[in-house]
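Keeping their order, the protein sequence lines are chains B and S.
For the first sequence, the positions run 1 to 404 when this note's numbering is used.
For the second sequence, the positions run 1 to 523 when this note's numbering is used.
The reader is advised that the hints may include incorrect statements.
As the list claims (entries may be wrong) - Below, a list of computed lysine-lysine pairs in the DSS-like style, where the Cα atoms sit at most 27 Å apart:
(1) 20(B) - 475(S)
(2) 132(B) - 27(S)
(3) 20(B) - 132(B)
(4) 475(S) - 490(S)
To be verified - Which residues of chain S face chain B? A partial, calculated answer using Cβ under 7 Å:
(5) 265
(6) 431
(7) 432
(8) 455
(9) 457
(10) 489
(11) 493
(12) 495
(13) 496
(14) 498
(15) 502
If you're looking for bench data, these hints aren't it; they were derived computationally from the structure.
Every residue gets a Cβ at the ideal spot worked out from N, C-alpha and C, and that includes glycine.
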Amino acid sequence: MRSAVESTSVHSTEAGHWGKEVRSDLHVAFEARDSGGTEISLESRVAPYYGAAIMDQTREVLDELGVKHARVAIHDEGALPFVIAARIEAAARRAGIALGKRSLPEQHPLPAPSPKDRLRRSRLYLPGSEPKYYINAALHGPDAVILDLEDSVHRGEKDAARILVRNALRAVDFGSGERMVRINQLPLGLEDLAEIVGESPDLILIPKVEMPEQVREVDRMIAEIKQRNGIVRSIWLMPILESALGIENAFPVATASDNIAALTIGLEDYTADLGVVKTTEGHESQYARSRVVNAAHAAGVQAIDSVFSDVADIDGLRRWGESSRAAGFEGMGCLHPGQIRVIHEAFQPTAIEIEKARKVVAAFEDAQKKGLAVVSLGSKMIDPPVVQRALKLVEQARAMGSIS
Amino acid sequence: MTVRTSERVELAHNAVGRAVPTMVNGKPQIPFLGVGTYQPRGRKAAPSICSNKDYPESGDKRVANLETALRKCGLRDGMVISNHHHLRDGDKVALMALEAAAKIGVKDLMWFPSASFPSQKSAVELMEKGVIHHIEGSMNGPLGDYCTQGKMRGMGVLRSHGGRYQAIQDGEVHIDIAVIAAPTADFFGNADGSHGKSACGSLGFALADSTYADRVIVVTDNLVPFPCVPWQIQGNNVDFVVEVESIGDPSKIVSGTTQITRSPDRLRIAELVAQFLRATGIMKNGFSFQAGAGGIALAFVEYLKQMMKQDGVKARFVRGGSTKFLVELLQEGLTDYILDGQTFDLDGVKSMANDPRHLATSPFTSYNYHGKGNFASLVDAVVLGATEVDVNFNANVVTHSDGRLLHGIGGWQNCLFAGCTILALPSFRDRIPVIVDEVTTMTGPGEMIDVVVTERGIAINPLRTDLLHAVMGSKLPIRPIQDIKTEVEKICGKPARPRLGDRPCAVVKWVDGTVLDTVWQVG
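Build out the structure end to end from the sequences listed, making use of the hints.
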């Protein structure tokens with residue numbers, strides 16, 4: 001795989017990837033010049049079918065970016081239009097031209113805004129430089145996709161990735177999946193926000209949060225951009241605690257903004273911070289995870305678990321998911337679509353739990369009807385929190401499709 | 001040397017509206033008339049009568065080398081030489097035979113392999129030198145390009161495995177000399193594929209060659225004392241036996257292990273196929289199925305296996321291309337038999353050698369359309385691939401959408417006669433939509449194709465109202481094929497149609513020997 005890094009010359013740059021094993025991406029070599037108009041060359045594995053379309057699109061994109069004179073050499077590996085536009089824009093911007101200009105792909109209709117307390121059992125990570133995974137991500141039915149600008153993107157590729165992610169938010173149909181973006185640590189994360197917030201992501205994950213002020217900064221920046229763009233729908237926040245200090249500040253962080261919908265933990269960095277080995281059983285992070293659960297519940301937001309990184313170990317994943325749910329988490333991350341179903345099953349209430357909860361709910365409704373303050377089931381009196389939990393569980397089971 | 005035919009090729013439109021040549025390599029052709037319409041008359045072809053007096057009483061038919069054997073067979077200019085492809089990309093025998101023929105100095109041979117492989121690309125040089133006139137058999141890679149670039153002197157003829165048997169049996173192709181690579185053989189010519197260092201499993205593709213050719217040469221690298229058991233090829237049909245150091249590269253004959261796809265999208269397709277068989281009730285006790293060795297097909301077998309276990313269902317037989325995944329079904333008691341046409345991995349080869357429930361079959365038993373029935377139509381469900389399928393369910397397996405030859409037909413056409421024919425395909429590859437308005441090369445008529453399963457949903461042929469009915473109320477993503485096509489074109493954009501030439505360079509035969517479509521010269 002050939003990868004593009006920023007060229008030393010301001011005027012000759014490249015972006016994207018090409019090579020035998022590259023799929024659904026392209027490489028753009030860009031040479032700005034003072035005169036001579038635009039000169040485009042194209043090599044593409046789909047040339048007989050899309051050669052003309054790619055040439056047309058390239059001219060349009062250059063036009064939108066205000067590029068008048070440039071030599072553009074494209075090596076296409078079957079990229080979709082939103083990727084083509086993103087790579088050309090990245091290359092042009094790297095050349096120091098087209099600044100402040102964008103070439104946005106055709107808008108896919110925005111899905112309905114995401115409710116704050118929606119199901120977030122699974123969130124599928126999609127690397128911000130790997131467009132091939134985007135288009136079919138929704139088919140695997142995750143509750144959310146995370147377009148990742150942080151750890152999965154090389155430092156030299158951050159600029160190109162945020163353009164690609166912006167275009168994906170705009171053009172890709174993620175179905176009923178919530179559209180999340182993981183930005184970089186501040187201050188780099190603020191540049192990410194500037195690029196992507198205009199495309200109304202549903203939720204922003206903020207990595208390596210240690211202090212509530214970090215959340216507030218992100219919140220302010222989002223509010224500003226929203227106002228500038230006339231966006232009214234909510235953009236939720238999910239801080240990721242990934243250090244001992246972050247864990248200690250779990251509650252202040254969880255209450256730093258009303259826009260926080262969930263609190264989560266990053267175990268790779270947390271265990272590294274502690275200097276301990278991350279194990280499949282996870283005893284070393286038991287305290288931290290409990291702390292996150294407790295702080296989240298105290299703050300009235302969802303507690304979401306980390307990822308299970310051995311994608312081949314389905315049984316291990318199931319055990320982790322089940323114990324995670326038992327500990328009070330409502331979901332976790334996925335690194336591979338194959339993990340989604342297992343996670344959904346693991347976070348599903350059991351048939352016995354549902355049955356019990358339905359009985360409690362029935363008894364509660366019966367008591368309501370009769371105007372009784374006390375709910376009883378058989379000879380047992382049911383406390384109000386038990387009723388609340390049962391109501392929530394039945395509602396969840398319905399949302400997960402376990403009951404109709 | 002490149003000679004282009006200058007004669008004008010006359011074309012006729014067949015029953016599916018395709019323009020096809022009326023004459024191919026000097027032989028008049030019947031354009032496709034519709035499925036089951038063409039009624040052949042006459043008697044089958046037969047080799048000439050032989051007499052034992054011409055063969056050694058000792059039974060020892062060995063000669064020193066292939067060149068000697070070919071000379072003794074009376075090799076002349078313009079003859080037809082055949083090979084089987086059970087050794088796949090590891091085969092050395094076909095080129096050995098053709099090069100021996102070149103050494104003898106003959107010209108204008110017709111090479112008639114049951115399939116060709118990329119490792120046989122030096123056949124191009126033999127065509128350039130005039131040793132080979134043209135190839136009738138699957139071509140891809142360099143051979144395919146040579147054909148579609150219009151460089152071959154004759155026209156390519158693509159036949160299914162069953163169609164090849166039919167063509168030999170019906171006398172459309174007369175084999176002068178069959179050269180049969182045999183992983184094990186005795187001096188009498190009895191031959192077996194399931195033992196020896198170059199074991200490949202079945203030798204079924206060589207059955208027609210061994211019974212209908214004028215002369216038959218068996219080439220082996222594992223000569224055993226008479227009798228060679230089992231004798232998949234009968235020595236009574238064999239003229240000469242040649243012993244060589246090696247008939248093939250074992251690492252390319254079978255894969256050590258066949259791999260299931262790891263692509264989540266393809267796994268989803270495989271699972272949808274299995275769910276479809278379960279939802280329609282096709283997966284029931286005593287049922288049968290066939291799936292190839294592609295990544296999706298293997299994953300399908302794994303998903304189906306789980307469902308069979310969950311539901312306590314057992315198959316009566318499964319049809320190979322066998323792999324370790326089918327072998328596991330057999331060993332776990334989930335099927336009574338494997339009826340195997342070719343063997344793809346070491347587990348398959350071992351199983352055929354050791355398990356009497358794992359049987360070698362041939363294109364005669366399985367695929368020949370001009371017989372008294374065949375096994376392919378007894379199979380309840382078959383899972384196949386394709387390069388393109390159109391909105392009327394017509395499918396293409398032989399060419400890229402740019403017209404270049406990509407695959408042979410294999411058993412694909414023959415399998416279309418199964419109870420339920422399923423194409424399992426990603427809805428686009430490298431931005432190129434798989435569902436099109438019209439296929440580049442018609443390889444299977446839409447009336448034979450029942451279901452198209454993609455990662456974006458399942459399309460059922462409207463002709464199959466029974467299947468549409470069977471899935472009613474299921475949670476499966478059943479959608480009109482046009483719907484999936486529209487969605488994919490929205491993602492990828494509508495592709496331009498590559499321009500094809502107007503000179504035929506190969507024809508696609510239907511299972512009855514009629515001409516279904518034409519492969520046009522590219523560029």
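| Which of the numbered hints are not met once you compare them with the structure shown? | 1, 2, 9, 10 and 15
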